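A.B. asks: Work out the full structure: start from the sequences and follow the hints.
Residue numbers (my numbering), protein chains in the order written: chain R, 1 to 479; chain F, 1 to 97; chain H, 1 to 490.
Any given hint could turn out to be false.
Here are the simulated lysine-lysine pairs, DSS-like style, with alpha carbons at most 27 Å apart [claimed, not checked]: (1) LYS268/R <-> LYS265/H; (2) LYS39/H <-> LYS94/H; (3) LYS130/R <-> LYS42/F; (4) LYS84/F <-> LYS300/H; (5) LYS30/F <-> LYS94/H; (6) LYS94/H <-> LYS86/F; (7) LYS42/F <-> LYS265/H; (8) LYS84/F <-> LYS87/H; (9) LYS265/H <-> LYS26/F; (10) LYS86/F <-> LYS277/H; (11) LYS28/F <-> LYS94/H; (12) LYS386/H <-> LYS277/H; (13) LYS130/R <-> LYS94/F; (14) LYS186/R <-> LYS356/R; (15) LYS85/H <-> LYS84/F; (16) LYS42/F <-> LYS300/H; (17) LYS386/H <-> LYS416/H; (18) LYS80/R <-> LYS94/F; (19) LYS300/H <-> LYS35/F; (20) LYS76/R <-> LYS386/H; (21) LYS26/F <-> LYS345/H; (22) LYS42/F <-> LYS87/H.
Stretches of chain H that chain R covers, calculated by requiring three or more beta carbons in the stretch to come under 8 Å of a beta carbon on chain R [stated by the list, open to error]: (23) 122-132; (24) 192-203; (25) 348-359; (26) 365-375.
Since the hints were made in silico from the structure, they are not lab data. Note that this is a predicted model, so its numbers are computed, not measured. For each residue, glycine too, the CB sits at the ideal point set by N, CA and C.
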Amino acid sequence: MKQYETIIGLEVHVELATKTKIFCGCSTEFGGAPNTHTCPVCTGMPGSLPVLNKKVVEFALKAGIAANCQINQYCKFDRKNYFYPDNPQNYQISQLYLPICHDGWVEIETSAGKKKVRIHEMHMEEDAGKLIHDEWEDCSLVDYNRSGVPLIEIVSEPDMRSSEEVIAYLEKLRCMMQYLGVSDCKLQEGSMRADVNLSVREAGTEKFGTRTEMKNLNSFKAIARAIEGERERQIELLEMGRPVIQETRRWDDNKESSHAMRSKEDAKDYRYFPDPDLPPIHISDAWIQELREAQPELREEKQQRYQEEYGLPAYDAGILTESRSLSVLFEKTAELCGNAKKAANWFMVEVLRLMKEKSMDPEEVSFAPKHLADLILMVEKKEVSAQNAKKVFEIVFDEDVDPVSYIEEHGLKIVEDTGLLNEILNKIMEENPGPLAELLGGKEKVFGFFVGKMMKELKGKASPDAVREALNKEIEKRR
Amino acid sequence: MAKIIDDETMENVCILAKLSLSEEEKEKAKADMQKMLDYVEKLDELDTENVEPLSHIFGDTNVFREDVVTNGDDKEAMLANAPKAKEWQYQVPKTIG
Amino acid sequence: MDLEKLTALQLAEKIKQHQISVLDGVKHVFEQIEKKEPKIHAYLDTYKKEAYARAKQVQKGIEDGTYTGPLAGVPIAIKDNICIKGKTTTCASKILENFVPQYNAEVIDRLERAGLVIIGKTNMDEFAMGSTTETSAYGVTRNPWDTEHVPGGSSGGSCAAVAAGETYLALGSDTGGSIRQPSSFCGVTGIKPTYGTVSRYGLVAYASSLDQIGPVGKDVADCAALLEIIAGHDTKDSTSIERQDLNFTKDMEGKLMGMKFGVPKEYLAEGLNPEVKAAFMDALKILSQQGAIVEFFSMKTTEYMIPAYYIIASAEASSNLERFDGVKYGYRAKEYEGLHDMYKKTRTEGFGEEVKRRIMLGSFVLSSGYYDAYYLKALKTKALIKQEFDRAFEKYDVLLAPAAPYTAPKLGESLKDPLAMYLGDIYTVAVNLCGLPGITVPCGMDSAGLPVGIQMIGDCFMEKKILRAAKEYETCRGTFPTAEEGGRKA
Chain R
1 MKQYETIIGL
11 EVHVELATKT
21 KIFCGCSTEF
31 GGAPNTHTCP
41 VCTGMPGSLP
51 VLNKKVVEFA
61 LKAGIAANCQ
71 INQYCKFDRK
81 NYFYPDNPQN
91 YQISQLYLPI
101 CHDGWVEIET
111 SAGKKKVRIH
121 EMHMEEDAGK
131 LIHDEWEDCS
141 LVDYNRSGVP
151 LIEIVSEPDM
161 RSSEEVIAYL
171 EKLRCMMQYL
181 GVSDCKLQEG
191 SMRADVNLSV
201 REAGTEKFGT
211 RTEMKNLNSF
221 KAIARAIEGE
231 RERQIELLEM
241 GRPVIQETRR
251 WDDNKESSHA
261 MRSKEDAKDY
271 RYFPDPDLPP
281 IHISDAWIQE
291 LREAQPELRE
301 EKQQRYQEEY
311 GLPAYDAGIL
321 TESRSLSVLF
331 EKTAELCGNA
341 KKAANWFMVE
351 VLRLMKEKSM
361 DPEEVSFAPK
371 HLADLILMVE
381 KKEVSAQNAK
391 KVFEIVFDED
401 VDPVSYIEEH
411 GLKIVEDTGL
421 LNEILNKIME
431 ENPGPLAELL
441 GGKEKVFGFF
451 VGKMMKELKG
461 KASPDAVREA
471 LNKEIEKRR
Chain F
1 MAKIIDDETM
11 ENVCILAKLS
21 LSEEEKEKAK
31 ADMQKMLDYV
41 EKLDELDTEN
51 VEPLSHIFGD
61 TNVFREDVVT
71 NGDDKEAMLA
81 NAPKAKEWQY
91 QVPKTIG
Chain H
1 MDLEKLTALQ
11 LAEKIKQHQI
21 SVLDGVKHVF
31 EQIEKKEPKI
41 HAYLDTYKKE
51 AYARAKQVQK
61 GIEDGTYTGP
71 LAGVPIAIKD
81 NICIKGKTTT
91 CASKILENFV
101 PQYNAEVIDR
111 LERAGLVIIG
121 KTNMDEFAMG
131 STTETSAYGV
141 TRNPWDTEHV
151 PGGSSGGSCA
161 AVAAGETYLA
171 LGSDTGGSIR
181 QPSSFCGVTG
191 IKPTYGTVSR
201 YGLVAYASSL
211 DQIGPVGKDV
221 ADCAALLEII
231 AGHDTKDSTS
241 IERQDLNFTK
251 DMEGKLMGMK
261 FGVPKEYLAE
271 GLNPEVKAAF
281 MDALKILSQQ
291 GAIVEFFSMK
301 TTEYMIPAYY
311 IIASAEASSN
321 LERFDGVKYG
331 YRAKEYEGLH
341 DMYKKTRTEG
351 FGEEVKRRIM
361 LGSFVLSSGY
371 YDAYYLKALK
381 TKALIKQEFD
391 RAFEKYDVLL
401 APAAPYTAPK
411 LGESLKDPLA
421 MYLGDIYTVA
431 VNLCGLPGIT
441 VPCGMDSAGL
451 PVGIQMIGDC
461 FMEKKILRAA
471 KEYETCRGTF
481 PTAEEGGRKA
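C.D. replies: Given below as C-alpha cells:
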C-alpha cells in the first residue's frame, strides 16, 4: 500500500468571556431557562440594530497579539447570509473581507519536537441559538440565549499532520485563551469548538488533495477519532480509485463515523457583504500598544520564571502552568507560605492526585490558597505531622475548611509538653512488661516496637522524633 | 454583454432568497431581472479601476458599547409574536442533523 | 375657528394660549379622517380612543409644564414601517399582518416626550419598495389632489394624510426619495435628513445604508420643528451621529441674497416633463430675483445613479428581509412540509411582487461570481457620485432639482413597467447614496392641477442651509393652495 500524508487545518471557535453579548446588553451567562437572555436585537426583531461591545474587540486583539498576528487596524463586519432557525436574522454578523487579525503563528510541542502552526486569520462573529429536538411533536425548538454570544474564529493554515499535532494545537490555544482571560474554553459547554479540514496526499507529493470539513466534534477524543476515521475513509476512496468530494461532514462519535451534510437547499453561497448597520472599526497604534503592555504573563514566560525564580525543575514548572487557574492557586500558596518549593511539592503530589482521583478540571479546584499555605506552615513548625496534614488537606480540597481550627478541633495538633507523652509511655510500658525488660536489657530491636505503639496511641499528635526522645529519657531514668 | 439570466440562475436565486415561483412567475421574474441587469450594465462604462468602494458614508469614529448587562428576562415580549411556540421556545419544523 | 387652515406650529401656539384644546385638534383630525378616508385610504390603522385619552393627558402636561415644546398637543401620523409598542406594524406587507412590536422606535419615544399625539399608522409601498404606494398589501392610497392618481411613494400614506388635512404632521421614511417624491406629488413639504441624524432604531429596514426617517408637514417651519424633535444621537443605532447643530428652527429667517445655488444640467435633459420643468424654472426665477446666484453645472455621474442605487438597495434589502421567515413573528404559511418548504411558502405567500423582485435582484448581485461585477462596482460608483457632490458643494451652498420627472401618475400605470418606474427616482436617489439632506417644497402645478415640488439638496449636516433657502423661497412663492382648494374634486 502507498504511504499517505494527512494534511489538517482547523477552524476553532472560541466563545469570549464577556459579560454581555456582542451586539446587545443581554447576559452571556451559560444555562438559564430558554429565551431568558434575549432582546429584540439577538432575536432579530424588525427595526432592531446591533451596537458593538468594545470588550469583544479588546479580547480579539489580545488573542491576536498573543498568537503573533498582524492587526487589521481598519476592519469591518460583514453579513453571512443563510437561512437556519438558530440564526434569527438569517444572516450571521461575521468578518470576511477585513478580519481583525491575520497571519500569526503559535508554537506546539509533540513527541516529535517543536513546530510552528500558522494562523491564517482570526475574526469576530456572533454565535447562533440552540436547537433542540422535541420528540413529542417531532419538531425543533429554538432558544436564542446563545444567539449573539461573541466568538472569535481562529483559522489555521493546513499545517498539521496528525491528530497528536491537532490536540497539541488545541491545547495550546485553550491554554493561551485561558491565560489571556478571554475565554474559559470549555468544550463541554461549547465555549471552544473545532471544525477539522482534512485531506490526504501521497507521501512525497506536493499538491494537496481534496479536503473535507468535519463538524460536531465535542471533545479532544472525538477530534482524534474523527481525524483517524476521516483519514482512513479518504485513503480508502483513493485506493479504490474514487475521488474525495469537497463537502461538510458531520461526525457521529457514538457510531464513530461521519456522513455528508448535504441538501439541495443548502446553496453554500453566503453572499457576504459589509454590514451597513455597523460602522468600520479603527484600531489605533496606541490601543494596540496599551494592550501589549497590559498583556498578562503567558504560560511560556511563567514556566521560565518558575524555574529561575523558584528553582523548580522544568517538568514541575510545565505541569504547574498547564492551567492558568492552577498556576494562580499555586503562586498565591507559594507567596503566603513563603516556600515555593514546598508549595510546588504539595501541588505536584497532593493536588494533582486528588484532581485525578476525582477527575476534576483545574478550573474546578477551588480551595483557598491561604488554607494550604497555613497547612504547609504548620507542618514546617512541626505543629502537625506530615501524615495528618495530608489527611487534613483532603478535607481542605473538598470543603475548603480552615485547617488551623480543624486540626485544633480534631486534636491533631502535635503535643508540645511531654506530660501526655510520658503518661502514655508509662501506660504502654506497664502493659508490656516482657518487651520492657528486653528494652531495659539493651535489646535495641524492641525500641521500634515501643515507638510504633506510641505513635499508634498518639494518632500523630507527636512527631516520631519527640517519641524517640521521650522513650530514650524514660529508658535512662529506669535504668 | 450583461449576464444572461437562465433557468438555472433563477433556480439558484430562488434557493438563496427562499422563494418558490410558479413557471409563469419565474418567466416574468427572469425577464424583469434580465431587463434590469441589461440596464445596470451601464456601470461598465465607468472607469473604477482605482476607486475604493464606499460602503459606509460616515464611519471615522468607533461606535462601541460598554460590556454591561442592561437587559433582563424579557422572554414573554420576545415570544409574544411567535407563530408557534412551546415551553418558551420558538417551534419550527424538524431540522436535520 | 378654522382648524383646517392652521399649520402644526400655529395649532400648538393656540393650544398654549388656551384658544383651542388638544382634544379639539385631535377631534378635528378624526372628523377629517372619517370624511376623507373612504376616498383617500391614507391610513392602515387609527387610534381614536387612545388619541383622545392621550389628548387629555397632553393637555394636562402642557398646563403643568411637562410639555413645553413647540409642537406639544399636535396630532401626528406615523408611517407603518416605524415600530410603536403594542401597535400592529405591518410595513404594508402580508408577512407582517399580525406583528405587534414590544418596543418603540426611538422617534416614537421622542415624539411622546415632546407631547405629540399619535393618531394612526399610514399606508406605504410594501417595505417602502415602490414609488406609488400601490405595492401595499392593503390597498392603494389615492392622491387628495386627484383621486385617480397615486400619491407617490413609498411614504404615500403620510403625504396624502397631510395633504388631505387628515393630520397636521406625519413621519415618513426616505431610502431613495420616499419622502421627497410623494411630498412633491401631494403638494406638501418633506425632509430627508442627513444620514445618521435621526435614529433608525425601530424603523423596519429596507436598505440600512440609505434609510432615514423624516418629517412631512404643511410647510417648512412645521417640518423644521418636527425634525428638531426627532433628531438626535441614539446609542441604540451605531450609525447615529453625534452632532451639535440640531436647533433647526433657529436662524431660519435670512435673505437669499448671495446664496449660491447649483442646478445639475443633466437633471433638465430628456425625460423631464415640460410642465414640471416650467414650474421648476419659475422657482429658479424667484430665487434669482431675490438675489440668489443660480448656476447650471454638469453632474457627469447622473446616468449612473439609478443603477448604483438599485443594486445597493436591493442587495441590502435581500439581506434585511431574510428575517421574515415565519419563525419568530408575522405570517407563517398554513401548510408546508419541512423547514425549507415552510420558509419558501411563507415568503412566497407573504411578500408582494415588487418586494420579491428586489429580493431576487439583491440575492443575485451578491451571489458568488457576481459580487464584484455588480455590488462592488455599485459601491465604487457610489464613491464617484459622492466625489462629484463634494466638488459641487465646494462651489454651491444648495443644489436644486425637481423631485420627480413628472407629476403624480394615474393609478395602475406605474407597476406595468418596473424599470420605467425606477427611472422616475433619478433626482432623489443620489441624495441617499451620499447621505445628504434634502427637502421638497411645492413650487407649482401642471395643467391638470397636480402639484410640482422643488428639491433643495444640501451638503451633509447642512440642513440649516436648505431650511433657510426653502423658508425664504416659500415666503417669496406665497401661499400654496391645499388639495381641497386646488385639487380636482373627484
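A.B. asks: Against each hint, give a clear statement of whether it holds in the structure.
C.D. replies: Cross-check of the supplied hints:
1. Pair hint LYS268/R plus LYS265/H does not hold up; C-alpha atoms about 46 Å apart against a cutoff of 27 Å.
2. With a C-alpha separation of about 22 Å, the suggested pairing of LYS39/H with LYS94/H holds against the 27 Å cut-off.
3. With a C-alpha separation of about 46 Å, the suggested pairing of LYS130/R with LYS42/F is violated against the 27 Å cut-off.
4. In summary, the hint linking LYS84/F to LYS300/H is not supported, as the alpha carbons are separated by about 53 Å, beyond the 27 Å threshold.
5. Taken as a hint, the LYS30/F and LYS94/H pair is honoured in the structure, with Cα atoms around 24 Å apart against an allowance of 27 Å.
6. Restraint check for LYS94/H and LYS86/F: the C-alpha separation of about 24 Å stays at or below 27 Å, so the hint holds.
7. Distance restraint check for LYS42/F and LYS265/H: the Cα-Cα separation of roughly 20 Å lies within the 27 Å cut-off, and the hinted pair is therefore satisfied.
8. At most 27 Å may separate the alpha-carbon atoms for a hinted pair to count; LYS84/F and LYS87/H meet this at roughly 20 Å.
9. Taken as a hint, the LYS265/H and LYS26/F pair is broken in the structure, with Cα atoms around 40 Å apart against an allowance of 27 Å.
10. Using a Cα cut-off of 27 Å, the hinted pair LYS86/F and LYS277/H is violated, with the two alpha carbons roughly 61 Å apart.
11. Proximity of LYS28/F to LYS94/H is assessed by CA-CA distance (about 22 Å); at most 27 Å being required, the pair is judged to hold.
12. Between LYS386/H and LYS277/H, the direct Cα distance comes to roughly 25 Å. Compliance with the 27 Å bound is thereby established for this hinted pair.
13. Pair hint LYS130/R plus LYS94/F holds up; C-alpha atoms about 13 Å apart against a cutoff of 27 Å.
14. Note on LYS186/R and LYS356/R: the hinted pairing holds, with a Cα-Cα distance of about 18 Å set against a maximum of 27 Å.
15. A distance of roughly 21 Å separates the Cα atoms of LYS85/H and LYS84/F; the hinted pair therefore holds under the 27 Å criterion.
16. Note on LYS42/F and LYS300/H: the hinted pairing holds, with a Cα-Cα distance of about 13 Å set against a maximum of 27 Å.
17. At roughly 32 Å between alpha-carbon atoms, LYS386/H and LYS416/H are farther apart than 27 Å, so this suggested pair is violated.
18. A hinted pair counts as satisfied when its Cα atoms are at most 27 Å apart, and LYS80/R with LYS94/F qualifies at roughly 23 Å.
19. For a cut-off of 27 Å, the pair hint linking LYS300/H to LYS35/F stands: about 24 Å separates their Cα positions.
20. Distance restraint check for LYS76/R and LYS386/H: the Cα-Cα separation of roughly 21 Å lies within the 27 Å cut-off, and the hinted pair is therefore satisfied.
21. At most 27 Å may separate the alpha-carbon atoms for a hinted pair to count; LYS26/F and LYS345/H meet this at roughly 15 Å.
22. Distance check on the hinted pair: LYS42/F and LYS87/H sit about 44 Å apart at the alpha-carbon level, beyond 27 Å; violated.
23. Residues of the stretch 122-132 of chain H with a Cβ under 8 Å from some Cβ of chain R number 0, which does not satisfy the need for three, so the listed coverage is violated.
24. Evaluation of the coverage hint for the stretch 192-203 of chain H: fulfilled, as 4 residues show C-beta separations to chain R shorter than 8 Å, against a requirement of three.
25. Counting residues of the stretch 348-359 of chain H whose beta-carbon sits less than 8 Å from any beta-carbon of chain R gives 0, not enough to reach three: the coverage restraint is violated.
26. Look at the stretch 365-375 of chain H against chain R: 5 of its residues bring a Cβ nearer than 8 Å to a Cβ of that chain, three or more, so the hint holds.
The structure is inconsistent with the numbered hints 1, 3, 4, 9, 10, 17, 22, 23 and 25, although it conforms to all the rest.
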